[in-house]
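Based on these hints, arrange chain B on the given structure of chain A.
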Amino acid sequence: KAGVTQTPRYLIKTRGQQVTLSCSPISGHRSVSWYQQTPGQGLQFLFEYFSETQRNKGNFPGRFSGRQFSNSRSEMNVSTLELGDSALYLCASRFLREVFYEQYFGPGTRLTVT
Amino acid sequence: AQRVTQPEKLLSVFKGAPVELKCNYSYSGSPELFWYVQYSRQRLQLLLRHISRESIKGFTADLNKGETSFHLKKPFAQEEDSAMYYCALSDIYNQGGKLIFGQGTELSVKP
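Going down the list, the protein sequences come from chains A and B.
In terms of this note's numbering, the first sequence opens at residue 1 and continues consecutively.
In terms of this note's numbering, the second sequence opens at residue 1 and continues consecutively.
Excised from the complex, chain A in its bound form (with noise of 0.2 Å):
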């Protein structure tokens, strides 16, 4: 099975500027969620999709958003960017039928803002 694929790898951005982050899961895994990596804050959960509902968030602002379609791709987008949103954005894809669900996560996408 391919992996989790997150695009794009990179991506540089200006304050005040959105931004769309993508995440296709492993086929067949209806879960997504999403993660943001940073030295300070290491890893803070986002939020989580299944079925194209958001099912959980963490705590962030509004800014952060996200959706999930019907194929359970996911999307994630930052409005208004502000020079800390600067991190390694990853999203992470899981089997619920498992009954040890375990997250796959995919390599990440690094946001800059300037």
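Derived by calculation from the structure, the hints in this document are not laboratory data.
Where hints are given, some of them may not hold.
As the list claims (entries may be wrong) - Within a straight-line C-alpha distance of at most 20 Å, the following computed SDA-like cross-link-like pairs (lysine to any residue) qualify:
| hint | chain 1 | residue 1 | chain 2 | residue 2 |
| --- | --- | --- | --- | --- |
| 1 | B | Lys65 | B | Lys9 |
| 2 | A | Lys57 | B | Tyr27 |
| 3 | A | Lys57 | B | Phe101 |
Model, not experiment: these values are computed from the prediction.
Chain B alone, transformed into the frame defined by chain A:
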């Protein structure tokens, strides 16, 4: 508050020495504990999980509910074990898609 604490940012050992990476957690629900590993230039991947009680690559971890700990151990470290290790927890019943991570411990195994 939900929290995972890994007290050591860096752990350096020699090849063949025992390794213990510490993890303590604070959670009021029904936590499931995991160890994730990230090797250099590779993606984050699951190493082991408490509920399956597996031993992966010689690593084991025991959940101590009294001490709320889930330390990762290996009796003889190998150079290929050098990586970033993250302890994480999830609520198995309610929030399985949400992982709470510790800050990570970098393990360096010297020859």
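Tested hints:
no.: 1; hint: B:Lys65 with B:Lys9; result: 23 Å, violated
no.: 2; hint: A:Lys57 with B:Tyr27; result: 17 Å, holds
no.: 3; hint: A:Lys57 with B:Phe101; result: 15 Å, holds
Violated hints amount to a single one, hint 1; each of the other numbered hints is respected by the structure.
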